[in-house]
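Listed below, chain by chain, are the residues.
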Amino acid sequence: MAQKKKAAKSSKSARKAKSPAKKSARGGMAVAAGARKPTEERIAALMQVPLAVCEKDEDLQTVLNILRNQDEPIELRLAALQVIQAASFSVVTFEPCRGAYIATLREISDDPDPELRQRVLGTLAREKDGFVQKKLLEGLQNPEKALVSPEKALQLLSYDVHADAYPVAREILSKSPNADARREAIRLLAADANTAPVFEKILRDKGETTEIRQMSAAALNSVRPDKLQEYARAIVLDDSEDDELQATSLTAITQFGDQETVANDEALLAHVGELKNKATAKVKQGARRFLTKYGR
Amino acid sequence: MNVELQINNSVSPGARFVSWAPSPCRIRVTNPSGATSPTVNVQITGRSTTTGGVVVFRSGTTGAFGNSLTLAVPINGASVSFFVAGRFGRPSINNGDVTIEARTGTTLVGSVPVMVRVRKNANLLTAGERDRFVSALAQLNNQGMGRFADFREMHRTSISLAQAHGAAGFLPWHRAYLLDLERELQAIDLSVSLPYWRFDQAAPNLFKGDFLGVSNSLGTVLLSAANPLRFWVTDGVPGINRRPFFNTASAPPGLFNEAQTLGLSTQYRLFRNMEGNPHGLAHTSFGGFIFSPGTAPRDPLFFLLHCNVDRLWAKWQKQNGRFDPALAASYDSNLPTGNRIGHNLPDTMWPWNGVTGGQRPPTAPGGPLATSPGATAPGPSPRVRDCLDYQGSLNPISRMGFGYDDVPFV
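From first to last, the protein sequence lines stand for chains A and B. Okay, so the first sequence: first residue is 1 according to this note's numbering, each after it adds one. Okay, so the second sequence: first residue is 1 according to this note's numbering, each after it adds one.
Worth flagging that the hints you see were computed from the coordinates, not collected in a lab. Relax, there's no trap hidden among the hints.
Below, a list of computed lysine-lysine pairs in the DSSO-like style, where the Cα atoms sit at most 27 Å apart:
(1) A:Lys-128 <-> A:Lys-145
(2) B:Lys-208 <-> A:Lys-282
(3) A:Lys-206 <-> A:Lys-284
(4) A:Lys-175 <-> A:Lys-134
(5) B:Lys-208 <-> A:Lys-293
(6) A:Lys-282 <-> A:Lys-206
(7) A:Lys-145 <-> A:Lys-134
(8) A:Lys-284 <-> B:Lys-208
(9) A:Lys-175 <-> A:Lys-145
(10) A:Lys-206 <-> A:Lys-276
(11) A:Lys-227 <-> A:Lys-201
(12) A:Lys-276 <-> B:Lys-208
Could you build the full structure based on these sequences and the hints that come with them?
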């Protein structure tokens, strides 16, 4: 009997040793769910114990209900999203919760709050979710159905090269609603080697904005880095070129140029030496780094 | 007379790097001319630049360190061993900014430049340190074609993420992952170490065009023209998507600060809940790549975030004496059931073990863990247990060759 009592006491102590963390999680969820509590207090409670979100189904449902409830303060809903997403990093322990989480995100993918909507669409897009890819493509083809701006939609579609977004990106490239959308279209198409000639054309065109030419350079670099080096050289040698492009081109050659080729390029070395003395500050900085690398 | 100094028991320039943990060294006479007895007394000291690293010495594996050491070295060429370490609080800024000198009397008979190389707070790096790190990282990425792609692949799919998250091995796996990346960076530039993003403090210098960039309203990261990360490519797409949900002039709200994190528990099984807060919440303080586990490594910030996570673990280990895997409080073996594969102390870790299929992912990108000229641990296929005693506090052979600017050895 004495032994039994001792074992029971030991077991109770062991349970007690576990309780503070569990108690904190339970208490946190209760505060988070408490509609009458101040929002800041509810947010703070959620932030305390993100891993607890997936420990019990009732806790998961508490947080998902906050997330989907348009009557809840938006700050609280955003915090709920942040906390569940934080929990999702524990991939295996989160697995039982994942289905309900993704379903809730899809449910609120057209939420009236633009910030929440954008974060939800971003989360699903990074999961390569076909449901949201379809919605984003529909929005690009029919602006009345757009859930986010065209540039944001293109950015989100770029998370998956298999999202069938190339055709619509090419359309936007030729007929852009705005400069940001054009830039994001170029970026998305950077994974498509077939578009390399388009990137070259844009990069050569001094009538294009610096930003668009920069993005074309970056896109060309990802499919034809050898070509980018040729263009970078030409841009550095051309004093009528844009400063930003010249500076970026110097960086490209310094970092990624073939060392032997560059070291033997006397025309380039001499010209960069002049740039170091005569050009604008950002070009001078690039020139100095280049010359340091090549011992001039 | 001349002597040869071997740092980390090597003459290789790649081995001339020390941290706070003692590095094994050797000295031997290579030219005994002028010697009049079988041994010669050689005094070893460190000479630092004003802002450079400072080194200290001791003759054996125990005992106090001193600013100098005198050894009786045989003139027949036999080696004498000793130990050197960085003096805590005085890391190097540049490679070779501290020189170890050997003298007989007042005559200099040998010298070797070294670097006290430790991981530092990213917000406090000098421009030179920052630029070298960024340049090495950009070269590792090599416009999307470089070795960085393996590090991206290691942290992509749910089965690969399961090797590293949601169980006890979260911290050891990421320690090995960061070390692997850091050694690859050092193969490009030996002076580079991985900096950490101290996410419980404001880090305005980190989120600038010359470092990890400024985000616009779309979440596109803007970098200065001279920043080689402008050519960053992952998954075939150029650029970095990151949109802070907070003002980057301050710290993200809601995360446990350092004291709160270290105070989670003295037991590893509870301390590792820091995977949720602050680790998970640091990730989800931004929209973009770093918000989701499968895309997070596409953002270079990911590695600085995890470097801080590892620093917190290192600090917790030091605070609580948790380097010994045999001590139950040092790890969570989840007895009697055990953890899933890859999370038990004797388990080797994917991908470095090259094991594929079954409960392991179908491929193992990157091959064995990178080697270092300055340290043999944790080996090409580390076990979970090999990642605890990272400074060789219990067993010098376990020293991995890295340290943190604010976590001492003793």
